[in-house]
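Novice: In order, the protein sequence lines correspond to chains A and B. Quick note, the first sequence lines up with residues 0 to 311 if you use numbering that gives the first Met the number 0. Quick note, the second sequence lines up with residues 0 to 523 if you use numbering that gives the first Met the number 0.
Honestly, I wouldn't trust all of these hints.
As the list claims (entries may be wrong) - Straight-line C-alpha distance at most 30 Å; calculated DSS-like pairs for lysine-lysine: (1) B/LYS456 with B/LYS483; (2) A/LYS84 with B/LYS450; (3) B/LYS174 with A/LYS84; (4) B/LYS277 with A/LYS84; (5) B/LYS362 with B/LYS456; (6) B/LYS179 with A/LYS59; (7) A/LYS84 with B/LYS179; (8) B/LYS523 with B/LYS277; (9) A/LYS84 with B/LYS456; (10) B/LYS483 with B/LYS397.
If you're looking for bench data, these hints aren't it; they were derived computationally from the structure.
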Amino acid sequence: MHANYVIKRLLQIIPTFLAVMLVVFLLVRLLPGDPASAILGDRATEEVVERTNRALGLDKPLPVQFGIFVGNLLQGNLGDSISLKVPVLRLILERLPTTLFLTAYAAVLGVLMAVPLAVLAAVRRNTWVDALIRGVFQVGLSLPVFYVALQLLTLLGARLGWFPIGGYGEGFTGHLYHLFLPALTLGLNLAAILVRTLRNSVIEVLGAEYVEFARAKGLRGRVILGRHVLRNALIATVTLLGLNIGALIGGAVITETVFAIPGVGRLMVDAIFGRDYPVIQGLTLTFAVIVSVVFLITDLIHARLDPRAELS
Amino acid sequence: MKSLTRSALVLAAALAAGQALAATRGGQLVYGRYADSLFLDPVLNDANLDIWILTNLYDTLLQPTTDGKGVQAGLASSYTTAKDGKSMVLTLRPGLKFADGSALTAADVKWSLDRARNPEAGAWNSSLASISSIVASGNKVTLNLKQPDPTLPAALATFNAAIMPQKLFTAAPGKNDAEKAKAFAEKPVGSGPFVLSEWKRGSYMVMKRNPYYWKKGDDGKALPYLDSVRFEIIPDDNTRILKLQAGELQGAEFIPLSRVAELKKAPNINMTLFPSTKVNSILMNNRPKLNDGTVNPLSDVNVRQALNYAANKDALIQVVTYGTGKLMKSYMSSTTPLFDAKQPGFPYDLAKAKALMAASKFKDGFEVTVLATSGSADDLALLTALQQMWGAIGVKLKIEQLDAATKTARYRANDFQMRTAAWTNDINDPSQITSYYTLFDNIESVHTGFKSAEIDKLFAQSQQELNPAKRAAQYQQIQSIYLKAAPIVYLYETPYPVALSNKVKGFVQIPLGNNIFAGAYLDK
């Protein structure tokens with residue numbers, strides 16, 4: 000249906016990636032400190048640091064290094080991690096599913112919490128129900144992610160013993176069980192963002208002419224909500240969700256550390272501290288791909304839900 | 000008196016026997032680490048994360064003692080040094096095997112040590128630099144030396160001198176040693192008490208007991224007692240503690256010192272502070288001028304001594320280490336061999352500090368910047384306390400927080416005035432820390448720029464001195480000269496805080512940091 004559009008968008012992604020790669024390639028090299036001394040620590044002699052950097056090809060001029068990197072990339076080779084000494088692609092493939100699972104889980108929980116509550120707040124606008132819902136999420140939004148994570152861990156994990164503390168379990172149900180608390184942490188944060196915008200758009204829709212018209216026609220409140228209001232609210236949710244996917248992955252960095260989940264978020268943090276250039280580059284590329292694809296899917300869904308949005 | 004001694008001995012023996020009977024076999028110990036290992040090759044590894052567990056997988060000819068003071072027999076049951084000190088003969092135990100069941104021979108030893116001492120390989124080869132050639136014959140290995148080397152027994156008890164199976168390593172895929180090491184380190188086979196059975200990077204690692212391990216337990220059967228050890232990687236301190244409290248872990252390392260007192264009170268937890276070689280100090284730039292050409296007040300020895308006297312270490316130990324630290328009296332820890340217990344250190348003395356400042360070229364005080372590691376609560380607590388203490392002698396301390404890699408880059412370029420630093424030894428010998436802290440020709444005395452011709456001479460002599468008393472005297476002098484010059488601010492020694500379940504017995508983290516699981520068991 001939108002095949003041409005999709006192909007065009009995918010082709011547009013390529014120059015974006017190249018630009019992203021160049022910027023990241025230069026940025027990580029602008030950071031003070033080199034991988035060899037980051038790994039070897041305080042006590043490495045100049046000689047050892049130099050030898051290590053030479054072995055990693057980091058003594059070559061930057062254009063040559065970039066050329067080698069892009070050349071390898073075209074062959075599907077992201078290089079080897081400097082500190083872990085294994086292929087970057089393997090590291091990412093090992094850890095990406097965990098992060099994606101967590102992100103999707105958090106998105107589902109976030110939407111499940113946000114949509115009904117936003118609609119409720121909108122319908123009961125300016126009552127204590129509205130104030131409570133908005134208040135709770137406002138507080139939730141202002142609390143740091145790691146704090147919420149620790150509180151949930153302490154209460155639901157350690158004190159009540161309902162959920163395991165950290166780790167991600169085996170198999171689908173194991174993941175669901177183990178990742179519940181981290182997904183809830185991220186989901187709460189996401190819901191807090193969604194509720195505010197959703198509530199406003201529901202109020203807007205409720206006041207729209209066509210809703211008035213529907214009401215005048217004698218349609219029942221529930222039907223109006225279901226057929227007209229929610230459909231529109233969903234459009235806003237999808238767009239917001241798409242825009243927040245980057246933030247969600249960013250939040251995963253912290254939750255993955257607190258909940259001891261071996262995802263790409265933690266890998267990225269370790270790589271930055273260790274100046275592990277190939278890992279940083281490989282992960283940035285991966286994130287760029289994910290965000291681009293999510294944006295594309297968001298646009299497609301948006302078009303499906305809202306016929307006014309044209310794909311061109 | 001005599002009978003008292005005897006009854007004490009009997010009691011001790013009874014206790015030891017009781018313990019021996021109590022050692023239970025089997026089970027899995029789950030241990031929470033703050034980060035995963037990087038690369039499990041003894042020669043090409045890079046970090047403590049590797050070093051501190053390598054000895055569970057790979058055994059060495061000799062082993063460090065658990066008190067940090069010397070070496071004991073390992074794969075070699077004995078060794079003799081020639082009278083002239085120019086050679087050493089080690090005798091291997093009979094029937095040694097690697098974890099795959101293949102024989103461990105003198106040829107494996109020669110090959111492993113030759114690989115470890117190759118100057119092109121790894122960062123650790125210098126510890127074996129005195130070896131000129133190695134001869135393997137039967138169960139004997141002869142090391143021929145360029146010069147006498149008193150550090151060699153300790154060097155042979157250090158991780159990089161681990162014995163590896165030559166056949167398995169050379170059969171690993173790869174064009175050269177580095178590539179083969181990459182392949183081999185994914186599924187390493189050594190002769191240590193455990194063998195790696197599963198490794199999901201960043202998540203967990205499982206080590207199974209090596210059924211061919213040579214060392215016997217108290218029950219006369221081969222160690223280790225445990226069937227397996229599982230390392231869970233949990234970077235967050237609080238989560239590690241919560242998991243231990245919930246019973247999901249039986250051990251957790253790097254407990255924040257702020258929580259030691261609380262965990263000591265917990266009924267099911269055995270909060271242990273293992274003595275370490277960790278010394279915490281502030282390294283100062285001793286050079287006359289800073290990189291930007293300005294005069295460096297820290298080049299004045301009066302100033303450096305004044306800063307040392309004005310730092311109230313007892314208060315710092317309370318504030319930063321919650322009372323778990325210990326006054327640092329020498330640049331080396333009190334657990335390092337040849338540490339001189341008679342060193343006075345710098346006891347807190349504000350009057351003396353003021354007098355020294357008055358005698359310096361910087362009577363009116365000055366402003367100085369210290370590099371701290373960002374995110375380190377300890378660094379911040381320490382430096383804000385020092386801000387107050389040094390304010391009393393007119394020194395205004397500015398704190399600059401940097402991530403570790405940036406901090407390293409700055410001091411490598413000598414672009415700093417002060418920086419926080421900690422050190423742990425890798426070898427049961429004082430030569431390592433001494434060469435780093437006191438020798439300009441190594442890395443400019445950890446980039447402080449400190450230089451002493453007297454120390455250089457004493458150190459060179461001590462590196463060939465086979466008479467232990469004479470070597471101890473040399474080290475005593477080195478420690479005194481260094482203390483007087485005060486190139487660093489002496490702070491405190493800190494332990495390794497490990498929280499264990501009450502059921503865990505026999506686990507030790509030795510002062511070098513190595514986690515020793517061979518004698519660990521779970522009480523039923």
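Novice: Are the hints correct? Go through all of them and say.
Specialist: Okay, the hints, checked on the actual structure:
no.: 1; hint: B/LYS456 with B/LYS483; in the structure: holds (17 Å)
no.: 2; hint: A/LYS84 with B/LYS450; in the structure: violated (37 Å)
no.: 3; hint: B/LYS174 with A/LYS84; in the structure: holds (15 Å)
no.: 4; hint: B/LYS277 with A/LYS84; in the structure: holds (28 Å)
no.: 5; hint: B/LYS362 with B/LYS456; in the structure: violated (34 Å)
no.: 6; hint: B/LYS179 with A/LYS59; in the structure: holds (25 Å)
no.: 7; hint: A/LYS84 with B/LYS179; in the structure: holds (12 Å)
no.: 8; hint: B/LYS523 with B/LYS277; in the structure: violated (34 Å)
no.: 9; hint: A/LYS84 with B/LYS456; in the structure: violated (40 Å)
no.: 10; hint: B/LYS483 with B/LYS397; in the structure: holds (26 Å)
Checked against the numbered hints listed earlier, the structure breaks hints 2, 5, 8 and 9; every other hint is satisfied.
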